[in-house]
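Using the sequences provided together with the hints, build the complete structure.
Just so you know, the sequences run in chain order U and W. Residue 306 in full-length UniProt numbering sits at position 306 of the first sequence, with consecutive numbering throughout. Residue 132 in full-length UniProt numbering sits at position 132 of the second sequence, with consecutive numbering throughout.
Treat the hints as calculated values from the structure; they're not laboratory data. Keep in mind it's a predicted model, so treat the numbers as computed, not measured. Here a beta-carbon is modelled for each residue, glycine too, at the ideal position from N, C-alpha and C. Check the hints yourself; a few may be wrong.
Claimed, not checked - For each label pair, taking beta carbons as the anchor points, the in silico distance ranges come out as:
#	chain 1	residue 1	chain 2	residue 2	range
1	U	29	W	109	50 to 56 Å
2	U	111	W	244	48 to 54 Å
3	W	5	U	136	51 to 57 Å
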Amino acid sequence: MARDVPAGDLRLVDLTKRFGAFTAVDDLNLTIGQGSFFALLGASGCGKTTTLRIVAGLEEPTSGQVLLGGRDIARLRPHKRPVNTVFQSYALFPHLDVFENVAFGLRRRGIRPVDGQVRQALSLMQLDGYERRRPAQLSGGEQQRVALARALINQPQVLLLDEPLSALDLKLRRRMQIELKRIQNEVGITFLHVTHDQEEAMTMADTVAVMNAGRIEQFGAPTEIYEFPATAFVANFLGQSNLIAGVVSGDNGGDILVTAHGARFAVPSARARADRGAVYLGVRPEKLHLADSVDQVPTDSQYLDGTITDASYAGVSTQYLLRAGGGTELSAFVANSGTQRRYGPGDRAVAYWNPRHAFLLGRRADENDRITPVLTEPVATA
Amino acid sequence: MSIWRWLARHWVMGLALLVLGYLFLPIAVVAALSVNRPAHRLSYDFHEFTFDNWRNPCATSEMCEAVLRSVQIGFVATVVATTLGTLMAFALARHRFRGRSGLNVLIFLPMAAPELVMGTSLLALFVAGGVPLGFWAIVVAHVMFCLSFVVVTVKARLAGMDRRLEEAAMDLYASEWQTFRRITLPLVLPGIVAAALLAFSLSFDDFIITNFNSGTTVTFPMYVWGAAQRGIPPQVNVIGTAMFLIALLLVLTSTLRGRRLRNP
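Below you can see the structure in the form of structure tokens.
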């Protein structure tokens, strides 16, 4: 039944899901290219898991379409969809052994014999010799691989992954990230991966969509989203950003001029999401450099000077907080490469950046500076 | 080592053994009396060891008829109560409907109500409704009080079951029926079997409610009650011991099976 459907993109069209008065998914539109590794990234409760469950058929949308290769599958029963899921808790059948768990989908579709395919799927997951074990006798990582084998053996058009790595410890998670990426390359199936871990989304996916309150805030390649976020939410959900509240005061051809904290800054218009009114001038902490005085700042850079208020040493880098004039506090990551001077609280310093690394975002007039200092390495916390 | 230190170290174990002894002493007496040849009819003292009672359990034919009747009633009542109770447990655990919370409370009432009250009121009901007392009246009464226990037991099992397993099955191309047959039923089955065993043992040894509604039908507990007036035949102890051994065997096999599933 699943085989005759023409392969193609997965498209979500005007998808909405309400639970009573609560709108979990709000008029969502998304196209996921065939064979791509797509990550749906968002904090818990943003509607990403609901979206996944709608694609799987475990939740019926209030309105909208789920098109797979041009066919609307939004109202098909889950067992009629050429889509398989790896659940967050794995949901392995506790009364069946590994072999029967993996063979489950084949048997339900009446495919016979299953032996060869099951053994092949198990060896792809490096689970040879585990056939007769029961889920309760496996470690978390092994259960995860069985869940993956159980879904992949059916060669679905889309594989849905619901936070599949969240139950694993950090080391195993890193290994499985690489492993998943390798498997996706090998089988060429579209992966739709739901996660709240920004690092996981960026390292694994070709395309990332950042979701917030039932809507997509931005989607694109990880570098694109990180280097040029579309909204303040994205700028701070994916890594950190220094967002300085300012007002557009004009433009001089290629640049947009912004006034903030009594100083004027220029941002290339190609790096601007807004070109008038209240804006945020955004700079990533690692794009901020520190110097002792203004005359050390390269001529093509812009700067704010102030006093170091905090220095957190974190091995590879040190995070500094610098209080600039006007009370704004900037966060800067400086790599501990040995070439840079170390600052301590109370030292005067100048924070400078290249305008090509800055970006402009729209801002509501009543919003202030948004700096979210996190006093640790910028890794894997969501 | 002083006696006090020894006591301090072992008193919990000693206490546990005493409690176990308290629990099993009556069963030990029954087992002992099953291999006893009583001195005379009304004597319950251990007189002489013999296997005669075991070789000849049906020496008193009325007793064996009563046992057979109790088994028949227990079987029918168990099948009906387990089927209805399992369906009710599924409805209560899986569906939201009007009166669900009320039903959850009502289901406990038959367990809490005194058996004497239930027995008399059922008798009044049967007489008023023109239902003849006897085998089928007893079955109806037993189904009534077994039902609650089945619902509670199966519901507990269902509550502990992860709904995502069923979702995973449907995601893996199983239709609703296949999901039930391959995933839900096998996972709930231990609960259903436990409920059935409980229902059977409740039915088998019920005396009070049965006594009110039996008419001229005699079940095993009623036979024992009647026989107590003129001397209980030692074969009663054979039946009692046999029931105990069968129950023990069932528990042991299920434990061993469970252990084998976990470490094959």
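Results for each hint:
Restraint check, residue 29 of chain U to residue 109 of chain W: a C-beta distance of roughly 55 Å satisfies the suggested window 50 to 56 Å. For residue 111 of chain U and residue 244 of chain W, the hinted distance range of 48 to 54 Å is satisfied, since their beta carbons lie about 50 Å from each other. Distance hint check: the CB atoms of residue 5 of chain W and residue 136 of chain U are about 42 Å apart, inconsistent with the given range 51 to 57 Å.
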